[in-house]
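Novice: Here the protein sequences line up with chains A and B, keeping their order.
FYI, the numbering for the first sequence is 1 to 75, going by this note's numbering.
FYI, the numbering for the second sequence is 1 to 397, going by this note's numbering.
Source of the hints: derived by calculation from the structure; they are not laboratory data.
BS3-like, lysine-lysine: derived pairs with alpha carbons at most 27 Å apart:
| no. | chain 1 | residue 1 | chain 2 | residue 2 |
| --- | --- | --- | --- | --- |
| 1 | B | K104 | A | K27 |
| 2 | B | K149 | B | K94 |
| 3 | B | K327 | B | K341 |
| 4 | B | K56 | B | K279 |
| 5 | B | K183 | A | K27 |
| 6 | B | K88 | B | K72 |
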Amino acid sequence: MRVLSKKLVIIGAGLLLGACSIQPWVKPYERDRLADPIMSWDRDAISGAYMDHIYESREGSRGATGTAGGGCGCN
Amino acid sequence: MRTFPRHLSRFAAVAALSLMCVAGAAVLPDDRADLFYSTYRGGGMDITGESVLVRKKFSEQFAVEGNYFIDKVSGASIDVLSQASVIKDQRNQKSLSVDYIHDKTQYNLSYTDSTERDYISNTTHVSLSQDMFGDLTTVSLGFTLSRDKVGENNGTANKPDVAWLGHATSRSFEGGLSQIITKNLIAGMTLEVITDQGLLSNPYRSIRYSVDPSVNPLGYALGSQIYPNTHTSTAVETRAKYYLPYRAAASISYRYFSDTWGIRASTIELDYTHPIANKWIFEGRVRHYSQNSATFYSDLFPFAGSQNFVARDQNLAASTNNTFDGKVTWAFAPDGFLIFKRATASFDVSRIQFKYSDFRNIKYYNNTPGGGGYQPGSEPLYAFDAMVYQVYLSMFF
Numbered sequence: 001m002r003v004l005s006k007k008l009v010i011i012g013a014g015l016l017l018g019a020c021s022i023q024p025w026v027k028p029y030e031r032d033r034l035a036d037p038i039m040s041w042d043r044d045a046i047s048g049a050y051m052d053h054i055y056e057s058r059e060g061s062r063g064a065t066g067t068a069g070g071g072c073g074c075n
Numbered sequence: 001m002r003t004f005p006r007h008l009s010r011f012a013a014v015a016a017l018s019l020m021c022v023a024g025a026a027v028l029p030d031d032r033a034d035l036f037y038s039t040y041r042g043g044g045m046d047i048t049g050e051s052v053l054v055r056k057k058f059s060e061q062f063a064v065e066g067n068y069f070i071d072k073v074s075g076a077s078i079d080v081l082s083q084a085s086v087i088k089d090q091r092n093q094k095s096l097s098v099d100y101i102h103d104k105t106q107y108n109l110s111y112t113d114s115t116e117r118d119y120i121s122n123t124t125h126v127s128l129s130q131d132m133f134g135d136l137t138t139v140s141l142g143f144t145l146s147r148d149k150v151g152e153n154n155g156t157a158n159k160p161d162v163a164w165l166g167h168a169t170s171r172s173f174e175g176g177l178s179q180i181i182t183k184n185l186i187a188g189m190t191l192e193v194i195t196d197q198g199l200l201s202n203p204y205r206s207i208r209y210s211v212d213p214s215v216n217p218l219g220y221a222l223g224s225q226i227y228p229n230t231h232t233s234t235a236v237e238t239r240a241k242y243y244l245p246y247r248a249a250a251s252i253s254y255r256y257f258s259d260t261w262g263i264r265a266s267t268i269e270l271d272y273t274h275p276i277a278n279k280w281i282f283e284g285r286v287r288h289y290s291q292n293s294a295t296f297y298s299d300l301f302p303f304a305g306s307q308n309f310v311a312r313d314q315n316l317a318a319s320t321n322n323t324f325d326g327k328v329t330w331a332f333a334p335d336g337f338l339i340f341k342r343a344t345a346s347f348d349v350s351r352i353q354f355k356y357s358d359f360r361n362i363k364y365y366n367n368t369p370g371g372g373g374y375q376p377g378s379e380p381l382y383a384f385d386a387m388v389y390q391v392y393l394s395m396f397f
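All chains should be built: construct the whole structure from the sequences, respecting the hints.
Specialist: Written out as C-alpha cells, the structure reads:
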C-alpha cells in the first residue's frame with residue numbers, strides 16, 4: 001500500500017512538473033488556419049443564440065451549448 | 001396571453017448573455033454592428049424576431065456591447081385547442097455586457113432584462129476565461145442568476161388581464177475547456193449545472209385525465225399541471241472542429257443532458273463550412289435531438305389526482321427533432337466603406353421536424369376521416385415541421 005502511495009506521489013509530481021514546463025506544440029506562427037474565421041465556433045452570435053433559444057423553448061433540455069469561451073477566438 | 005412557452009424568457013436571456021460572454025482568448029473581438037431579422041413558422045405559431053447589436057472597444061482591454069431584441073408572436077398552437085385563447089404578444093429584451101481583459105484573463109459582466117405582458121425576467125451573468133500552456137488551452141468559468149416573475153393572462157390577446165402567480169429563480173454554474181490539439185484541430189468541452197426553484201410549470205398548459213363518458217361525453221377532462229418546485233439539470237457538451245486539407249472546416253458536437261425530473265437527452269450536430277474566395281461562405285448543418293419523457297408526464301392520466309406531480313407539457317414528452325440548415329454569407333464590402341472595415345450579409349434557412357412519441361394531437365379526437373372516433377389516448381401522435389428564416393447585416397469597424 002505504501003509502495004503504491006509512493007508511486008502515485010511520484011507520478012503526480014511528475015505530471016505537475018511536466019505541466020509547468022509544457023511548451024506549446026502548436027507554435028503561434030502555426031495557428032493561421034485556426035485563426036481563420038471559418039474555424040470560429042460561432043461567427044454570428046445573434047443567430048447562434050436565436051437558434052439555441054428556439055431549441056430550448058421546445059425541448060426539455062438546456063445548457064452547455066458550447067458558448068462558454070474558448071481559445072483562438074473560438075466562441 | 002403570455003407569448004411564449006414556459007421558461008422561454010429565461011432561456012432567451014441566458015442565450016443573450018451567452019452570446020455576449022467571454023469571447024476570444026485575451027483578445028477582444030472586432031467592433032461590430034448587426035441588424036437581424038428572423039421568422040419562425042410552425043406548429044400554428046408565427047414568430048418574428050428583430051434585433052440590433054452594437055459592440056465597441058474603448059481600449060484593447062475594455063469593450064461594451066448592447067443588444068435589443070423584440071419577439072412578436074401570433075397564432076394558435078396545439079395548446080390553444082386544450083385551454084388558451086389565440087396568442088398575440090410581444091417580448092422586449094435589453095442586454096448590456098462589459099468585457100475586460102487583464103493579461104491572459106478575460107472578465108465578463110452582463111445584465112439582461114426581458115419583459116412580456118405576463119412574464120418578467122432579470123438575468124445577471126459573470127464569467128472569466130484564462131489562457132494557459134502557451135495559449136493552447138483556455139479554461140472558463142461562469143455563473144448566471146435569473147429571477148423571474150410568472151403571470152397568466154386571463155383576459156384576451158387585445159384586452160389582457162394578467163394575474164401574477166409567483167416567482168422562479170434559476171442559478172447556472174458553467175465550466176468550459178477549449179484545447180488546440182493540432183494546427184488543424186481544436187476541441188472543447190462545456191459542463192453546465194442549472195438549478196431552479198419556484199413556480200416552474202407553464203400556466204397555459206393543462207393535463208388531461210379520463211372521466212366516465214356519462215360525466216363528460218368527451219371521455220376526458222382538463223386540469224392544472226402540478227410540478228415539483230425544484231429542478232436541477234446537468235448538461236455536458238464535447239465538440240471538435242477540423243480545418244480540412246483545402247480551405248473548409250468540418251465540426252461535430254455531442255451533448256448529453258440529464259435532470260432530476262427523469263429527462264435524458266442527446267444532441268448530435270454536424271457542420272460544414274466552405275468559403276469561396278473572400279466573397280462567400282456557404283455552411284450546412286444537420287442536428288439530431290432526442291429525449292425521453294419526465295417521470296411525472298403523461299398524455300392521459302387515469303383519473304384526477306392520480307399522482308402528486310402531473311404534467312402534459314409537450315416539452316416534457318418523449319420526442320425527437322431533426323434540423324437541416326443552410327446558410328450563405330456574402331461579403332459585399334470586403335474592402336470596407338465609410339467608417340466600416342468590412343461588411344457582410346447573411347441568409348440562413350432551417351427546417352426543423354418535430355415528432356412526439358407520447359404527446360397526442362387532441363384536435364383529431366373523435367374526428368377521423370371515416371367518421372369513426374379516436375378515443376382519448378388513441379389520437380395520432382403530434383408532429384409538425386417548422387421553417388426558420390434569418391437575414392442579417394454585419395458591419396465591422
